[in-house]
Each structure stands twice: as C-alpha cells, then as structure tokens.
Amino acid sequence: MDPTDLALLSELEKGLPLVTEPFAEIGRWLGIPEAEVLHRAQRLREEGAIRKIRARINQRLLGITANALVAWRPPGGWDGEDFSRFASAPGISHCYLRRPVPGRWEYTLYTVHHGRSREGVLAAVEEMARAAGCSDYIVLFSTEEYKRVPNVRINENGGGLP
1 MDPTDLALLS ELEKGLPLVT EPFAEIGRWL GIPEAEVLHR AQRLREEGAI
51 RKIRARINQR LLGITANALV AWRPPGGWDG EDFSRFASAP GISHCYLRRP
101 VPGRWEYTLY TVHHGRSREG VLAAVEEMAR AAGCSDYIVL FSTEEYKRVP
151 NVRINENGGG LP
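Mapped onto the UniProt record's numbering, the consecutive letters of the sequence shown carry residue numbers 1 to 162.
Check before you lean on any hint, since a few could be wrong.
Under the rule of at most 25 angstroms between Cα atoms (straight-line distance), these lysine-lysine pairs were calculated in the BS3-like manner [said to hold, decoys possible]: (1) 147 - 14; (2) 147 - 52; (3) 52 - 14.
Derived from the structure by calculation, the hints contain no laboratory data.
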C-alpha cells in the first residue's frame, strides 16, 4: 500500500463528496485521474482494505430513535452458527463476543439494536431470546447521544490509530 492508497482511504473514510462525479473530485484532491481512483478503490476492495462504500443516514430523521446495547449470557454449547444468527437479525448493527470477567460480569455476547420505539426493540430482543433459548440478558437503552461520527482509521499523514 503506497502513500496514494493511504490518502485515498483517508478521503473515502470521510465520505463521498455530494457532487455529480465524486470519484473525479477525489482524484482532483489527490492529483490523480478519476480512472486511477476507481482502479485503486477496486484493488483495495479486492485486497480487503475496503469492505464497502455506502451512505451514512441520519437515523433519527427517519424515526429510528430507540437504540439499545444488549448484553447476553449465552447458554453453554453455543457455536459460531448461533452467533451468526444473532448478527444477521434485522435491526442489529453490531454483534461482538467478549471475554467474561469471572464472578463479576458473565455476559459475553453484545448486540446493538435500533428501532422506531423502545417497545419495538424490546419485542425484537424478547423474540431473539425466545428463539435462541437465552433467558439471561440485559437491555441498556441509550438516553443521550454525545458522539456519533464515522471512525477514522487513516489520518491525513497516512498513519492509523494506535
């Protein structure tokens, strides 16, 4: 990965410019032709450095105002298929496994749910719990949003996060 690739990744992380030809615009910023921007982006995607390019929406303007982190204590014997089922459920944006803290915090699976109402999110969580046979979970609804920005992994100098 060369400095131009890093600069391109930095620009793509910021989001596409809202112009008729966004890749040509990025090319102007980087001093390379649009075709090279597209070629590099495709190569970076094939190499796995870019997973996808997508729009970021303001979910609150769309009425999606209920957000909850759910901590699950899965029953013994769960495997990757069980976790994948949780990860692919509608309304879930994140799904993580973490180590427990024995004797203090035994929850190991975390999902982030989004919905139009608390009731709707709770109903979805309860249905997931019933279908999975998992009765030990905690639902933590967001009460205030202090930061919601895309993660920046590549800075202007080509360096990443610590």
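Violated hints - listed by number, lowest first: none
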